Amino acid sequence: ENMRAAAACAAGAAGAAGIALLRRRAGVGSRRRAMASAKVPPRPVSLLPKDYPTVRRDEGAGDTYHGVRVADPYSWLEDPDSDETRAFVKAQNALFSRVLDDCGGVQAAIASEMTRLMDYEKHGAPKKKGSRWYFFHNAGLQAQSVLYSSQDARGEIDRKVVLDPNTLSEDGTIALSSYSFSEAGDLMAYSVSSGGSDWVTMHLLRIAEDGAVEKLADKLTNVKFTSMAWTHDGRGFFYNRYPAPEGLKGEMGTETGSNLGQQLWYHVVGQSQADDLQCFSCPDEPTWMIGAEVTTDGRYVLLTTTDGCDPVNRLFYVDLDACDGEVGPDFESRVVKVVDNFEAAWEYIGSTQDGSITLRTNHSAPTYKLVRCDLVNSGTDVTSWPTIVEATEHVLEWADVLAGDRMAICYLKHVVHHVEVREHATGSLVGTVPLPVGSVYQYSGSHKSSDFFVKLTSFVEPGVTYKCDALAYGDEAASDEARCCVLRRTEIPGHDAEAFVTEQVFVESTGGARVPMFVVHAKGLKRDGTAPTLLYGYGGFNISLTPDFSV
Numbered sequence: 001e002n003m004r005a006a007a008a009c010a011a012g013a014a015g016a017a018g019i020a021l022l023r024r025r026a027g028v029g030s031r032r033r034a035m036a037s038a039k040v041p042p043r044p045v046s047l048l049p050k051d052y053p054t055v056r057r058d059e060g061a062g063d064t065y066h067g068v069r070v071a072d073p074y075s076w077l078e079d080p081d082s083d084e085t086r087a088f089v090k091a092q093n094a095l096f097s098r099v100l101d102d103c104g105g106v107q108a109a110i111a112s113e114m115t116r117l118m119d120y121e122k123h124g125a126p127k128k129k130g131s132r133w134y135f136f137h138n139a140g141l142q143a144q145s146v147l148y149s150s151q152d153a154r155g156e157i158d159r160k161v162v163l164d165p166n167t168l169s170e171d172g173t174i175a176l177s178s179y180s181f182s183e184a185g186d187l188m189a190y191s192v193s194s195g196g197s198d199w200v201t202m203h204l205l206r207i208a209e210d211g212a213v214e215k216l217a218d219k220l221t222n223v224k225f226t227s228m229a230w231t232h233d234g235r236g237f238f239y240n241r242y243p244a245p246e247g248l249k250g251e252m253g254t255e256t257g258s259n260l261g262q263q264l265w266y267h268v269v270g271q272s273q274a275d276d277l278q279c280f281s282c283p284d285e286p287t288w289m290i291g292a293e294v295t296t297d298g299r300y301v302l303l304t305t306t307d308g309c310d311p312v313n314r315l316f317y318v319d320l321d322a323c324d325g326e327v328g329p330d331f332e333s334r335v336v337k338v339v340d341n342f343e344a345a346w347e348y349i350g351s352t353q354d355g356s357i358t359l360r361t362n363h364s365a366p367t368y369k370l371v372r373c374d375l376v377n378s379g380t381d382v383t384s385w386p387t388i389v390e391a392t393e394h395v396l397e398w399a400d401v402l403a404g405d406r407m408a409i410c411y412l413k414h415v416v417h418h419v420e421v422r423e424h425a426t427g428s429l430v431g432t433v434p435l436p437v438g439s440v441y442q443y444s445g446s447h448k449s450s451d452f453f454v455k456l457t458s459f460v461e462p463g464v465t466y467k468c469d470a471l472a473y474g475d476e477a478a479s480d481e482a483r484c485c486v487l488r489r490t491e492i493p494g495h496d497a498e499a500f501v502t503e504q505v506f507v508e509s510t511g512g513a514r515v516p517m518f519v520v521h522a523k524g525l526k527r528d529g530t531a532p533t534l535l536y537g538y539g540g541f542n543i544s545l546t547p548d549f550s551v
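For the sequence shown, full-length UniProt numbering gives the first residue as 1, with consecutive numbering after it.
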């Protein structure tokens with residue numbers, strides 16, 4: 001959830017940066033000035049073919065696939081460092097700037113309206129680490145949300161800034177990419193990217209019990225698509241890096257080739273990156289990517305390897321108890337291969353009291369199920385691992401282990417999220433969280449507490465954060481308020497969610513498949529076919545379009 005929160009933060013930065021660009025180009029210094037400029041009638045923009053940059057067509061370029069010649073006359077543009085490509089990009093940008101500058105009051109009107117619409121407070125779901133609560137907050141028009149800490153879940157007591165990404169660069173091109181806390185909550189590793197690059201630089205913060213923040217000297221580079229997995233002693237964490245790109249002419253992130261040979265390293269807090277320990281690599285499989293996660297009991301380091309975008313991975317582990325909790329030079333020799341094929345996905349959910357682990361998998365279960373594995377005694381025959389939550393017709397999107405023998409589980413049912421509370425030991429259903437139709441935008445929970453938080457959005461609801469107590473489910477004496485209550489609701493001036501209607505319908509498609517679709521409109525609208533309608537759809541990468549709010 002830390003990664004998702006940071007990604008949402010970065011996405012917000014991109015949108016706000018676009019508004020900032022429009023405001024700068026339009027000369028918008030204040031809302032009053034923007035509205036005055038917006039009254040200027042727009043001038044028509046006329047472009048002739050000769051106005052566009054000349055782009056060379058290489059008739060000889062192309063490739064042959066399965067005996068068929070496929071022309072690729074503009075493949076030379078795939079080299080971002082060539083003088084010819086740089087000249088073309090410069091000419092394209094010059095044309096765009098000229099057209100935008102000729103648009104009269106249009107850009108000022110757009111900038112003003114976008115600014116007005118996006119100017120509302122945004123809060124992230126809180127998460128407790130150590131003695132303090134952490135959450136993201138955006139006052140309205142900040143390019144990136146700010147990470148705060150406080151003594152309460154609502155962020156009202158002893159609130160302090162932990163990290164403000166808006167201060168990382170003057171032009172706003174450096175964004176928070178991801179972050180991870182140590183088990184004790186006194187250390188935080190975080191990564192930042194520049195200009196939207198996948199390459200990140202990692203830094204460390206030390207956070208005192210009173211919320212005071214100290215930035216440490218640690219700095220890690222050549223990092224990309226990284227894990228952040230702390231050992232429970234707080235000594236250091238695992239992360240991923242690549243060999244530095246060779247022959248790079250431009251800045252990191254401008255290269256168009258793929259990076260090969262990802263490695264897993266361990267960084268000790270306070271040490272130079274030059275002293276970091278290389279823990280795991282797959283030199284014979286340079287395209288493989290490596291993931292690392294420390295189990296909630298601190299005993300195992302789980303290693304996953306993936307190759308491509310298919311939902312499959314290998315699963316290995318190292319038993320830290322067997323080496324007295326130390327991550328040393330013999331780490332790679334201690335790796336035990338549990339699943340050594342790319343036949344299914346294996347995602348760690350949590351650990352039981354006896355040290356077994358719970359995994360989410362699509363092995364013989366396309367919609368996913370939960371299984372139990374004793375890493376030491378279960379063996380590699382995955383068909384013998386007991387199933388604790390069977391697969392259903394609905395996709396089991398995620399699960400999280402909480403305190404008190406509880407789990408929170410989220411299903412996607414006809415493009416709507418449903419959250420259940422189950423026993424961790426047996427998988428038995430304890431209760432269903434009474435959420436309205438919508439999407440779980442953020443989730444926050446911990447194996448140290450039975451409380452968890454769900455931030456829900458919908459087509460007309462910008463965000464409601466619910467506080468839930470998993471132990472209250474199954475307790476007949478507990479009130480509905482104790483089980484689930486609203487912690488915070490996002491308010492937008494002038495917006496009334498009750499003024500709209502959302503209806504889900506099903507449309508029959510190829511082979512009789514029922515495709516769900518939502519129809520959203522203002523209350524009282526006469527649906528006679530005359531109302532302008534925006535139709536939007538998407539498909540790819542196993543991503544479902546769930547209800548989502550946009551101003």
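The hints are simulated quantities; they were obtained by calculation from the structure and are not laboratory data. Don't take each hint at face value.
No more than 27 Å apart at the CA atoms, straight line, and that leaves these computed lysine-lysine pairs for DSS-like [to be verified]:
hint: 1; residue 1: Lys224; residue 2: Lys369
hint: 2; residue 1: Lys128; residue 2: Lys215
hint: 3; residue 1: Lys90; residue 2: Lys128
hint: 4; residue 1: Lys448; residue 2: Lys523
hint: 5; residue 1: Lys128; residue 2: Lys160
hint: 6; residue 1: Lys448; residue 2: Lys128
Please read these numbers as outputs of a predicted model, since none were measured by experiment.
Checklist entry - Which hint numbers does the structure go against, in order from smallest to largest? => result Going through the list in order, the structure violates hints 1, 3 and 4 and respects the others.
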